[in-house]
Amino acid sequence: MSRSPWRWWAAALLAASSGLAVNWFLPDGLIVSGGDPRCLGPAVTDQVPVHVVYGWLPVVWYGGVPAVVLGLLATWIGLRHGHPRLGRAIVRVLVVMPLVAYGVWPLGFTVDMLIGGDCVDAWGGVRGLLFFLGPELPPLLAAACMLAATRTARPGGSLRRAVVALVPLMLLAFLPVTDHAPGAVSDCPADASDFVCLVRQSGDGPYKRLPDRELLAFGRQLCEAYVRKDPAEIARIQQRDGVHVLSMAGTLAGICPRAAADLRAQREQQSREMDEWEAQEQRKCDEAPRHRPRLRPVKVFRERTWTDYGVLEGYGDATVANDVDPGAFGSDLLDAAQRDGLVAVSQGAVNVLVDSDMDVCLTGELYRRRPPVETRGWDRVVEFGLGTSSGRIELADQSGGDPLPNLAGLGKGHYRIRLHYRVSERDDSQHLLIMSFPGRSDRTVNLKR
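Heads up: the sequence shown begins at 1 in UniProt numbering, then just goes up one per residue.
By construction, these hints were calculated from the structure, which means they are not laboratory data.
Do not rely on the hints blindly, as some may be mistaken.
Straight-line Cα separation of at most 27 Å, BS3-like style, residue types lysine-lysine; simulated pairs [said to hold, decoys possible]: (1) K299 - K412; (2) K299 - K284; (3) K284 - K448; (4) K448 - K299.
Okay, the calculated beta carbon distance ranges per label pair [claimed, not checked]: (5) R296 - V445: 21 to 29 Å; (6) D230 - Y309: 43 to 51 Å; (7) R392 - C197: 38 to 46 Å; (8) D355 - R392: 24 to 32 Å; (9) L107 - R151: 50 to 58 Å; (10) R302 - V445: 41 to 49 Å; (11) S390 - C197: 41 to 49 Å; (12) S424 - R368: 48 to 56 Å; (13) V445 - G400: 39 to 47 Å.
Cβ coordinates follow ideal geometry from the N, Cα and C atoms, glycine included.
Build out the structure end to end from the sequences listed, making use of the hints.
Put into structure tokens, the structure is as follows:
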């Protein structure tokens, strides 16, 4: 046996062993979202039950190293015992096994490139090619070297021509990768970076860990599906990738003009509806009869406000004892207000109850002296006292929102606060009139129940 076949066997062992090294550098998983009807390789190839071959043929494990070793032993034993044909026959049988086990994915990629054209993105870009083809090519190259090692000395034979053509073809399979090297993230347009950031910050989907370039390719494929709005395609993507395309307009807007247009139209519609609702609520306050004071106030303010939970809280000089739990105190004060139905005051704090389902049309009147009592047209009228050393008494919804204007119109001192409350005849708005004036008493007086 000449030196040439042994060199082929050495090359086969080296190629198969390199397949083991490739596995160390591959990602743990990969999400590839198709969509180009010309590039069906990943979807079709994934249905081929190659795992059956792996399970039943240990000779193809570890990148096909066992098949190479067995073939080398069969060749050596056949030569030693004068049966070289038997050795070659065994080797050719062994070669079929890695070809079947590792040839499906490269075949699918080759068909896609020949028929579909530029299908690299459909295969997940550079990362996808390394993931799908990286472990497959070294065993195939080893199988080609095994065939070359067992060739007969017939110059120009078909086997020789096949091997000579097969090896360059498998090496050339990597050439498309060089034309699709990932660019720097900074080269991406600003809107595309927004898409990447939104995906990175949301959820726990495995596509979050894709490199930027592959993630952008994934997003553009989702954009194509969003534009087509094919229910069957959307269902397939949701089942495969765990995302519902039609609900991703906000995420896709940066790289998908149709999604951006839909999102803009949706926001404009929401803004119009909100403006209409605001105008409707404001009209309810504007159309209500304004209070005509019997005594000239120092200041008058009108506000339309709202509450999350139907409670306006206010504080003067709080005198809660140090040994009182603030949480328990607040709970007790709210319970007292609910028993009264409108207001409760205790130790410098006040809770005023309103309907959380309606805005509050509020009028505040600040006086230098006590105004006349007015109860006509009001459902409830209550008067209570609060003192302030800071010169501020403000009611506010503690869940959010700005406080109402200051009720301590004359600065520091003690004030009487008179609340007037009613619900409109149409039961669609509520009105609150607050009169504030100097007074020493802390007593709470129900002027109308």
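How the hints compare with the structure:
1. K299 - K412: With Cα atoms ~16 Å apart, K299 and K412 stay inside 27 Å; holds.
2. K299 - K284: At roughly 23 Å apart (the allowed maximum being 27 Å), K284 and K299 satisfy the hint.
3. K284 - K448: Holds. K284 to K448 sits at ~24 Å (cutoff 27 Å).
4. K448 - K299: holds, 25 Å
5. R296 - V445: 21 to 29 Å: holds, 24 Å
6. D230 - Y309: 43 to 51 Å: holds, 45 Å
7. R392 - C197: 38 to 46 Å: Holds - the Cβ-Cβ distance for R392 and C197, about 43 Å, lies within 38 to 46 Å.
8. D355 - R392: 24 to 32 Å: Once the Cβ atoms are compared, 27 Å apart, the range 24 to 32 Å for R392 and D355 holds.
9. L107 - R151: 50 to 58 Å: With Cβ atoms ~23 Å apart, the hint is violated.
10. R302 - V445: 41 to 49 Å: Roughly 26 Å apart at Cβ, these two residues miss the hinted range, so it is violated.
11. S390 - C197: 41 to 49 Å: holds, 45 Å
12. S424 - R368: 48 to 56 Å: violated, 31 Å
13. V445 - G400: 39 to 47 Å: violated, 32 Å
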